[in-house]
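Protein chains: 4
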Amino acid sequence: MILRDPVHGLLAFESEESRCVPRLLQTEPVQRLRRIKQLGVTSLAFPGAEHTRFAHALGTAHVMQRLLARLRELHDELPYWQRVTSERAEDALSAALLHDVGHGPLSHLFESALPALPHHEHWSTEILLEPSGPVFQALSRADAGRPMRVAELVNGRGELPYLARAVSGVLDVDRCDYLLRDAHATGVRYGAFDLDWLLQSLRFGEGDPAVAPPLAIDGAKGLVAIEEFLLARLFMFQQVYFHKSTRAAERMIKSALALGASCLADGVALDDSPRALAVAARGDRPSLGEYLELDDAVVWQALRAWERASHPVLADLCRRIRSRSLYKTIELFDEDAARPERAVDVARDVARAAGLDPEVYVQLDVAEDTPFSEDAAAPVVVSPHGPPRRLSEVSFLLGRLAGETLSKTRLVLAPELREPVRRALAP
Amino acid sequence: MILRDPVHGLLAFESEESRCVPRLLQTEPVQRLRRIKQLGVTSLAFPGAEHTRFAHALGTAHVMQRLLARLRELHDELPYWQRVTSERAEDALSAALLHDVGHGPLSHLFESALPALPHHEHWSTEILLEPSGPVFQALSRADAGRPMRVAELVNGRGELPYLARAVSGVLDVDRCDYLLRDAHATGVRYGAFDLDWLLQSLRFGEGDPAVAPPLAIDGAKGLVAIEEFLLARLFMFQQVYFHKSTRAAERMIKSALALGASCLADGVALDDSPRALAVAARGDRPSLGEYLELDDAVVWQALRAWERASHPVLADLCRRIRSRSLYKTIELFDEDAARPERAVDVARDVARAAGLDPEVYVQLDVAEDTPFSEDAAAPVVVSPHGPPRRLSEVSFLLGRLAGETLSKTRLVLAPELREPVRRALAP
Amino acid sequence: MILRDPVHGLLAFESEESRCVPRLLQTEPVQRLRRIKQLGVTSLAFPGAEHTRFAHALGTAHVMQRLLARLRELHDELPYWQRVTSERAEDALSAALLHDVGHGPLSHLFESALPALPHHEHWSTEILLEPSGPVFQALSRADAGRPMRVAELVNGRGELPYLARAVSGVLDVDRCDYLLRDAHATGVRYGAFDLDWLLQSLRFGEGDPAVAPPLAIDGAKGLVAIEEFLLARLFMFQQVYFHKSTRAAERMIKSALALGASCLADGVALDDSPRALAVAARGDRPSLGEYLELDDAVVWQALRAWERASHPVLADLCRRIRSRSLYKTIELFDEDAARPERAVDVARDVARAAGLDPEVYVQLDVAEDTPFSEDAAAPVVVSPHGPPRRLSEVSFLLGRLAGETLSKTRLVLAPELREPVRRALAP
Amino acid sequence: MILRDPVHGLLAFESEESRCVPRLLQTEPVQRLRRIKQLGVTSLAFPGAEHTRFAHALGTAHVMQRLLARLRELHDELPYWQRVTSERAEDALSAALLHDVGHGPLSHLFESALPALPHHEHWSTEILLEPSGPVFQALSRADAGRPMRVAELVNGRGELPYLARAVSGVLDVDRCDYLLRDAHATGVRYGAFDLDWLLQSLRFGEGDPAVAPPLAIDGAKGLVAIEEFLLARLFMFQQVYFHKSTRAAERMIKSALALGASCLADGVALDDSPRALAVAARGDRPSLGEYLELDDAVVWQALRAWERASHPVLADLCRRIRSRSLYKTIELFDEDAARPERAVDVARDVARAAGLDPEVYVQLDVAEDTPFSEDAAAPVVVSPHGPPRRLSEVSFLLGRLAGETLSKTRLVLAPELREPVRRALAP
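Protein chains in written order, with my numbering: chain X, 603 to 1029; chain L, 603 to 1029; chain S, 603 to 1029; chain R, 603 to 1029.
Derived from the structure by calculation, the hints contain no laboratory data. Computed from a predicted model, the values in this text were never measured in an experiment. One thing to keep in mind: the hints can contain errors.
Identical copies go unnamed one by one, so any copy, or any two together, can satisfy a pair.
Below, computed lysine to aspartate or glutamate pairings styled on EDC-like, alpha-carbon distance capped at 20 angstroms [unchecked claim]:
hint	residue 1	residue 2
1	K846	D967
2	K1010	E679
3	K823	D607
4	K823	D886
5	K856	E961
6	K930	D918
7	K1010	D873
8	K1010	D820
9	K823	E933
10	K846	D971
11	K846	D607
12	K1010	E995
13	K846	D820
14	K823	E616
15	K846	E933
16	K823	E995
17	K1010	E723
Based on the sequences and whatever the hints tell you, model everything.
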């Protein structure tokens, strides 16, 4: 199978060991990813961000393929039993393709709105291990142990730590693809980094000889590649993932889903509610089949139908979503950001005075990310002369960023409240 | 308003005369374009092709903005009454943004499946001119004559031929944006061309002095820019628009819609059928409101519901579409392509023998495009020395392509028929 | 060895069989290529075109490395003795790196000005095969037969036709690199093509089973890649290689070198004349050492010194070159292009009347290229169904371009002559 | 004048006020920049880095042109006398084109090797203000005050601070072009930043109303653009400007030039020594004419000739340079970097023992840069709500980088000394 890809140019899955990719692509759970956008509602702020989890899954498998080729250039230093065999390569490619197969609609929104619903990692595992399911059957055709090994890898575990972390870790194929793809689709150029150079910089580090070594970075050539990778991630958080309009829209939809679930839990009928939502609202766990019926369109259809709900706040919220009269934000700085309760109280008083439900129409949104935390899993830097060193020791930039947390604190509120709240907050 | 765009980088609509863009963007008919993919089902073959008509509309307005800036560098040679005034600029920007506002779901598929339904050009005009509609109201706020002028421009007519053709012509802002955008999203690099250079190459040609002159191309610098533009279009047709999987999927969906309409016309109830479809199936014209309820999701939902239709062929077709067991193609060459009837007959006999409806499961698909036809509307080439010349005279490439027709003739058929038909056709 | 390259991003020559590349790079004849620009005087018209034959040699070796990797994905279909062994890979990489090692200064200018001087192919062979030379020694270190095998490959011959043609043929690694590199450096975007896709499209065709098969193109996926490759070449000829200012400057320098040689042949002393020039002027063949002293700087230094020559035309020409008062061009069309003698006569009469040497100050320049000629060496198109077909049969574009010749006929003349000649030529 | 540029695509200098660009380009001092590479000897480490100061000068003028267009979108807020008039635009374009016109050969190498020689800023001013020179004449043709105004701007001074700093400041058109151009030519992708977005982010800040305001950055949209710009600079320093091979080669050439000058000062004749060097070696100031004869080729020719010098160290150094047996480096860390004297002493002892001049064959190289220092000239961040804020206050990244210094401390030494010195330094 050969495919055009806007990010990597050419995707070719033609070797014997990559045949698993086209086979898995045919399954309904993977095809379902075509109907889930990678970035949820981000296209409201970045009109190009329409790319799907399906395209990302393919791209991730491609990056894994390139990583495997690179590992094979390096693995002569390892004992035979620690090398990349064909079986391991096929496991890794399958895991890369399937790493997000259990994702719910609208990125992380759906699961975060329904606390009772298991998270997407749970569903991924279930999709992989359900013996009657098409993914399990595609995986186990030639090798009965594969589904379990792939499920382990998807969760960042496995026989070879360097391979497991490459599926899920600081520097994994998932991140490699999504940073490039999200940057390409949004038009934010800062998300790009040099994948060729990053792969070329990989080395094997030192580790417990009883298990395989972790991956490390070559100090002479590779430092800048990993710096750029981590900065690309930081820039994407700053520009896209923490974008105020996206965060505001997410808050609204999450509130609508939670309100809808609470109506359903109270026995109120709501047209076009997805079955999985109704089940989860009652506190039960949806079946796998019910879960797999979920996609972005199903949620949008529900939100549209709920415009006619009897619950006035729910109906209002859904109408606002549909007509794009999105919540606005007020960013809090300094003291207000450190202790936002006062600002929230002030804003909710304004909402109350305006006759709006203060919990729904005024919300606090704290977005946080630590661009680089140098924990045990972070790659070290190796060089032919001298011992391995930590990234923060060697890198001018990472030394100054390690452990630092990027944080945005915002009031998210109905647009008609912004000016009154601003005035009420002014000293 | 400033936006990131993956194709043009930065879209800025901040000047006085471009304020119309954000205003029109707010209207529901323009927002609806977010829910219609630019390339219909093409993402089945090119997983990146998820971009929407909304993003394309914005990009088209951006190209128009750049074109207007270029025209103003040139228009000193024209009499005052032929220049780009602020009013004309606002008309042109509005027309660029709205040129496709009446588009139906799934690119051209929907309208082509329902012969009784007016084409999207009709609906665009109606959206622009319906006095109670939000687009008309946004347009006419400051200038009662604007809706009509914009509607004229959208149809390639208007006071200034050079501006009218820039909205709809051989070298229009619509094409400029969609070629670049489709290339970017599919990953097909051949669709790119040099927009900067093309704009810089524009000149005013000679025309009837009573009206404004048409645009022309500067011979010394611009020839290659227009060659590349026309080749980019050719390459996109070859690679993307005529792609066999896309064409096959389109045939299936078109058949399903036509069968659905015929069921509805016969009074058979079909769940989740869009109202506009039911109305058109009866031979009536849907109301504008009914038409605007259509989007891609509405059609996919119908196709999904029709899997349970009582009409067995319709149900089968919809199930095949959903499970991606798409029709396959056999390309016909030479004699077979020139007179495909024999091949169609042979294939339909095979279908009949297999118990499949021959008209539905075997179809003939002839895709044709003339990459460059040098009609009266084609720009001419001007130079300071010597008279204007036709493109085909001056260009090595275009001289060899003018009037030539690219044509692909294919049998499109159910996958289980391909091998038997191939055998039956073999000499 | 790992290097940054502006065209390919990352050049890595780290495998066992690519160690030859850094070893050969150290030799003085290869280092000399740093001092010869790839495009001669083209930077007069395209200020970015400063890239050297050294960078091109490296890039060509990189493309060969990628081609070898692709061939190894395919070569299982071949008998063992026709496959890409390590020895053959090292031969091919060496040949790619060294293919232009005998190039003279200023691209093809120097050798074309001195008919008695052997062409660069001769010097390449001599550099490879001179037993006392550093290139021969680097090549023969591990394998005494290598210099001869590499020399054969550089000339497009060798045991395996598919490998020999990849060094020098319609679709060779030299062209692949220079088209991309020249496009990158000049800023002409039309020269780019999709190298990944092109490599992926390669197949083995059918051939005499006694020798290895030629390379062919996969019809389903690869047609557009080869079309784009050939069009990129055409565009580069139209835009860059046939650029009027470049051609004019080349004519001037060629005339100056020829006049200088004729002075030297007549025994006139000329300061700073390169020894190889003086020897060739006498009709003798320079030694290899003398030839290798030539580079761009040596020629520029001579031209600068000759401004003070006693020969007035030579001195004038050199002064014009240095002060960039370059010759201008008048392009001839139609009848004038078909029979340019009349135009040349008219122009030379004008020159004579102005007291200028008519042969030097008026020249005829006919630039011609056949973008695609479908000879025996052109790759054919293969597909799993049906026989191999010729490119012109299958490709809409190439069918219309095959055998067609692009031609530019121009008068090249001193700037002060252009207007008078234009007037004299006007009907 | 329209030109292709590999960095910006299209350079067009066609408006009335940009006519100065082609006029100045014709002058010999500007043409001389074609013969000086932008990055000196960097092409030894990055084979693509052959771009010239001439191409950079053109690119800088182009960025200025775009900046002027942006300023004109903003300048309505200013009183008339502070706006961008045609006269000021022409001054600014001229200054951008000419900002480096006095540069010596091999980037900063030449002037740093000859302490007595005035720096390039001096020569730029002299070239601009010498009444008999072609640049002065081109500038003063229409406006006698222009040469002086342009000279002021080149030195970062002028009537309008926002314009003066745009020629020479933290965020100037020089940096904008060279970062992009150096990144493009070396193939280091990290040097790219988003010029469109940066320009769009500019605002006028607050300043003394008696003079024009400085430029500022829009906080909502522009922060990331300035962050990326400053990081691009940091990455270029890390990767390219501080590259060990480049630094080592620069040290060698600087030593050779200094040794050559000292020989000349001592009255030793050295073939092919540039006149300006001989004059400066005697402690005199070369004439402008002598200075303008300098270019890269002149220096390389001298170094080549000096291989036959009687001074054995000078001859050896020149031979090493030519045969690319470049000095190697040992990077010093921690304590060794803080107090490098011990390492230098140890290394020089090793050199002495090996019979090599310790001062020449062992050198200490400390490369330092402060990527972002928030002095009075740094732009501030403005937003519609709240007061202007400093970059380090608002930016997560710049807050952590402000005032921090990147530093590389290295021993640079003859290759045969590296291993012995490493051993001698080992604890």
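Among the hints numbered above, which are violated by the structure, and what are their numbers in rising order?
-> Hints 2, 4, 7, 17 not satisfied by this model.
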